[in-house]
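Residue numbers (my numbering), protein chains in the order written: chain A, 1 to 333; chain B, 1 to 333; chain C, 1 to 333.
Since the hints were made in silico from the structure, they are not lab data.
It should be emphasised that the depicted structure is a prediction, and the values quoted were computed from it without experimental measurement.
It cannot be assumed that every hint is accurate.
[As the list claims (entries may be wrong)] Quick list of in silico lysine to aspartate or glutamate cross-link-like pairs, DMTMM-like style, CA-CA up to 25 Å: (1) C:Lys60 - A:Asp305; (2) C:Lys81 - A:Asp124; (3) B:Lys112 - A:Asp305; (4) A:Lys55 - B:Glu182; (5) A:Lys55 - B:Asp38.
[Stated by the list, open to error] Here are some chain C residues the structure puts well away from chain B; computed CB gaps all over 12 Å: (6) Asp34; (7) Glu39; (8) Thr57; (9) Ser92; (10) Val95; (11) Phe98; (12) Lys112; (13) Asp113; (14) Thr114; (15) Asp119; (16) Gly134; (17) Ser235; (18) Gln265; (19) His282; (20) Arg295.
[As the list claims (entries may be wrong)] Stretches of chain A that chain C covers, calculated by requiring three or more beta carbons in the stretch to come under 8 Å of a beta carbon on chain C: (21) 60-73; (22) 85-98; (23) 138-147.
A virtual CB, placed ideally from N, CA and C, is assigned to each residue, including glycine.
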Amino acid sequence: MTSTQSIPSNIEVQAEAQTEVQALKHKHLLDLQDWTKDEFLQFFNTTDAMADVMKRTIKKVPALQGKTIATLFFENSTRTKLSFERAARAQSADVVSFAAGSSSLSKGESIKDTLLTIDAMQVDAYVVRHVSSGVPHQLTRWTDASIINAGDGRRSHPTQALLDAYTFRQEFNGFDDSGGFEGKKIAIVGDILHSRVARSNIKIWTELGAKVVLCGPRMLLPEELERKNVTLTNSVAEAVEGAHAVMALRMQQERMAGGLLPSLQEYSERYQVNDEMIKLAHDDCIVMHPGPMNREVEISSELADGERSVIEQQVANGVPVRMAVFYSLLVGK
Amino acid sequence: MTSTQSIPSNIEVQAEAQTEVQALKHKHLLDLQDWTKDEFLQFFNTTDAMADVMKRTIKKVPALQGKTIATLFFENSTRTKLSFERAARAQSADVVSFAAGSSSLSKGESIKDTLLTIDAMQVDAYVVRHVSSGVPHQLTRWTDASIINAGDGRRSHPTQALLDAYTFRQEFNGFDDSGGFEGKKIAIVGDILHSRVARSNIKIWTELGAKVVLCGPRMLLPEELERKNVTLTNSVAEAVEGAHAVMALRMQQERMAGGLLPSLQEYSERYQVNDEMIKLAHDDCIVMHPGPMNREVEISSELADGERSVIEQQVANGVPVRMAVFYSLLVGK
Amino acid sequence: MTSTQSIPSNIEVQAEAQTEVQALKHKHLLDLQDWTKDEFLQFFNTTDAMADVMKRTIKKVPALQGKTIATLFFENSTRTKLSFERAARAQSADVVSFAAGSSSLSKGESIKDTLLTIDAMQVDAYVVRHVSSGVPHQLTRWTDASIINAGDGRRSHPTQALLDAYTFRQEFNGFDDSGGFEGKKIAIVGDILHSRVARSNIKIWTELGAKVVLCGPRMLLPEELERKNVTLTNSVAEAVEGAHAVMALRMQQERMAGGLLPSLQEYSERYQVNDEMIKLAHDDCIVMHPGPMNREVEISSELADGERSVIEQQVANGVPVRMAVFYSLLVGK
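Construct all of the structure, not just a fragment, from the sequences and the given hints.
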């Protein structure tokens, strides 16, 4: 009878994750710039322990009991917010949700004063999303709590990149020493210019020994991203050829209005990731998308719902990845 | 000292509800169409056990600890949502609220992709309200979780009908074998055409052996509802005569704009359930309303606040009824 | 290892707060009009016990487990709502949030019917904010639950005044018998006319033996507030001279539109609380603000962020003060 089981003690959870809790040596998760390969691999081990929790009948541990996590979403994102909240509650934390629209910010209060106010109520970690790059970094100056970047401008979206890579490791027998990334090739296709997901993924895949190919219309493909193991191309065929993973990025329709960019139809004709294109990829190639999808624009429905797709698995992995982030920052330090 | 009491163990709760947990043989609660009389009566017994929990000092049991219930209200309804959330939390479940307005749906994502996304975060049950009939049924194709219909279009509102009937059973010595429904008469007065509450109630009352009279303006009284033990009339006097329960339905003012229907004043003159009308009913007749009320339109304030009214009792019973639904679907299967 | 600690038992918490739980003899917290000096001092002792909880690693006690607290904010206030919710959750209560905008109130349902509906779901306390004075009082007629006023019109904001005075007591060695208020002087500067914070503070400071000076433009300084130990002045210099505490009130820009009042610039030139003004105050003078601030209007940034400022401490104290309110009303009766 499932419901007579009690929540496993925290000691039990720690025993499972015992050797891995040093994964995040830092107080904050702002970006992945100074993470080493070993840190990524250790972090994935911690995530494994959290994924085990989510497979139990009672998907809850007391690791963060008595801790309060505040979500500060200055930019809207239901799916990311839900995922962080689920991860917090699965570890028995209390969650405080702060939506910018309904607050004193609209009465002219500064972000700083808003943070100081919430902070005075004793918060252990803030999950911050903002349309401007650097806001999460700035907040660290004003609070002693941990800051977790849930996406800032075009800059960084570290938990998305961590869950993308963790999903790849699941698929490619990632339990060897290198996590399965060495010598692999990933193609990221779409609006690279505006994508924090692309920037965070470049760091993690190259650090782990994979090659990254960025692909999209010239206007959306910034040359400064080119570096060791990162190449740029306007040809999807070239990008996808032999790739072990292809990630399609959301094409934001509002950006097409300018006139310099192709129309949605032109875009989908030249850059859509679909069954035909994917034939050029490696036999085991997986297909990823950070969501939400524009079906039949940047990705065909056939492919999104097909066997190669790990898109739902990405969302599922978001919960243990974020649990591991909270645990490492707030407990395992 | 109340606060030193601990939450009773789940075993204790199960002992109380032991014989009844088979009440819902199904995985979902979409409608009541295939429920048998015995199932209704068993379900009311389970509800009794839950109602006992809500009479304790500490109104909380651990039955759904570690389970996550998501409310998906595509149509707004504060009272129904609060009731489901209260029922979930009283059993220690985590609640995730998804409001359609603030989501990726507004970025063009389909309901299916939205569901799959939330579902990937591991949800045990969805409570769904939608303006279109059949949406809850459709969702069952895309998830392994339980779907609970919280009202879909004109089709069905099963928990409302269950709480209506449970309230009647409380009043009419419903502890006999038949639940006290045999040979009783209930009148439902108002906009029958658009009412999912009426449709769900027809099923439950007739299955339990009561006679149902539907009453309202001709335009709002669909003939196809006429069947064994269900009669239609335009006369409130005829409907109410000898009735053991009279249920007034909300008259939605926006429907009156068309011109074919009477004005609000004409409606209230001909169809209002009030003290004068209720004199024709059975001596023990109770007065019900699913809320929210338009006082002095479909029901007089005098009657709504009077001795016969069980309107608040209906709302109160909503919590143990929904607790019993969660318990039966998620634990007692 | 912090996370292996368990939540301290309720008995332990009660032992700490044992002698003080009679602090609130009343069922509701509507205003502070009938509170005695001894009640204020006892309440501060209870708050001390709650403040100790918030200093622990695990900031959570089970005192209100199984209790449900509903927030009814008919007027928006993110900071006050968050503070009450934090206080409720720190004592393990369930929280139901009811925002007026998204409810049946917009379908024409009365506040009374809304309250009765929520109340039928079994709520232990309501935290109510409303733009009209007296609404919290009115609600006490319709429910058996406790009503806690979180600000009504210009009338009262008792928890804000309690946390203001508690903060003062912390600073002024308030552990003597009088709480440190006897013979002290507080200046409240700004829009006194529209301020419920000022009205509640007048009661508490005078009851505790302090002198209150109210200061602001003539139009915003209602003469009927003058009484024993309460004086009015248009001169900030006169108000601040020798004061032990200066509280600046938010100057609401929308009120300046009428033409009878000074412009924002004129206001800040004559009434801004700033470093120059504060030189006239007592050497130990503290600076308070109920938030949110208009920096450089009613208060200079220099002063708000300076050594004398206890503005963040006020927000921090809001949580234990509200914990003490819940505890006294719901447990210690």
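The hints, checked one at a time:
For the hint linking lysine 60 of chain C to aspartate 305 of chain A, the alpha-carbon distance of about 45 Å lies beyond 25 Å, and the restraint is violated. The straight-line distance between the Cα atoms of lysine 81 of chain C and aspartate 124 of chain A is roughly 19 Å, inside the 25 Å bound, and the hint therefore holds. Restraint check for lysine 112 of chain B and aspartate 305 of chain A: the C-alpha separation of about 12 Å stays at or below 25 Å, so the hint holds. Only pairs whose Cα atoms come within 25 Å are accepted, and lysine 55 of chain A paired with glutamate 182 of chain B is rejected, the gap being roughly 47 Å.
A C-alpha spacing of about 36 Å is found between lysine 55 of chain A and aspartate 38 of chain B, which places the hinted pair above 25 Å, so the restraint is violated. Even its closest Cβ contact with chain B, about 26 Å, leaves aspartate 34 of chain C beyond 12 Å, as expected for a residue assigned away from the interface. No beta-carbon of chain B is positioned within 12 Å of the beta-carbon of glutamate 39 of chain C; the least distance is around 22 Å. Every Cβ of chain B is farther than 12 Å from the Cβ of threonine 57 of chain C; the closest lies at roughly 22 Å, confirming the non-interface assignment.
For serine 92 of chain C, the requirement that its beta carbon stay farther than 12 Å from each beta carbon of chain B is not met, with the minimum near 9 Å. Some Cβ of chain B comes within 12 Å of the Cβ of valine 95 of chain C; the nearest lies about 9 Å off, and the non-interface call is violated. Interface exclusion of phenylalanine 98 of chain C from chain B breaks down, the closest Cβ pair being 7 Å apart, not more than 12 Å. The non-interface label for lysine 112 of chain C is inconsistent with chain B: the shortest C-beta to C-beta separation is roughly 10 Å, within 12 Å.
For aspartate 113 of chain C, the shortest C-beta to C-beta distance to chain B comes to about 6 Å, within the 12 Å cut-off, and the non-interface label is violated. With a least CB separation of 8 Å from chain B, threonine 114 of chain C falls inside the 12 Å interface cut-off, contrary to its annotation. Remark: the non-interface label on aspartate 119 of chain C conflicts with the geometry, its nearest Cβ contact in chain B lying 8 Å away (cut-off 12 Å). Non-interface status of glycine 134 of chain C relative to chain B is upheld: no Cβ of that chain comes within 12 Å, the nearest being about 22 Å off.
The Cβ of serine 235 of chain C lies farther than 12 Å from every Cβ of chain B, with a closest approach of about 49 Å, so its non-interface assignment holds. With a cut of 12 Å on Cβ distances, glutamine 265 of chain C stays outside the contact zone with chain B, its closest approach being about 39 Å. Non-interface status of histidine 282 of chain C relative to chain B is upheld: no Cβ of that chain comes within 12 Å, the nearest being about 43 Å off. Residue placement check: arginine 295 of chain C keeps its beta carbon more than 12 Å from all beta carbons of chain B (closest about 31 Å).
Only residues whose C-beta sits within less than 8 Å of a C-beta in chain C count toward coverage, and the segment 60-73 of chain A has 7 of them, enough to reach three; the restraint holds. Coverage of a stretch by a chain is defined here by at least three residues with a beta carbon nearer than 8 Å to that chain's beta carbons; for the segment 85-98 of chain A and chain C the count is 3, and the condition holds. With 0 residues having a beta carbon nearer than 8 Å to a beta carbon of chain C, the segment 138-147 of chain A misses the requirement of three or more and the stated coverage is violated.
Of the numbered hints given earlier, the model fails hints 1, 4, 5, 9, 10, 11, 12, 13, 14, 15 and 23; all others are met.
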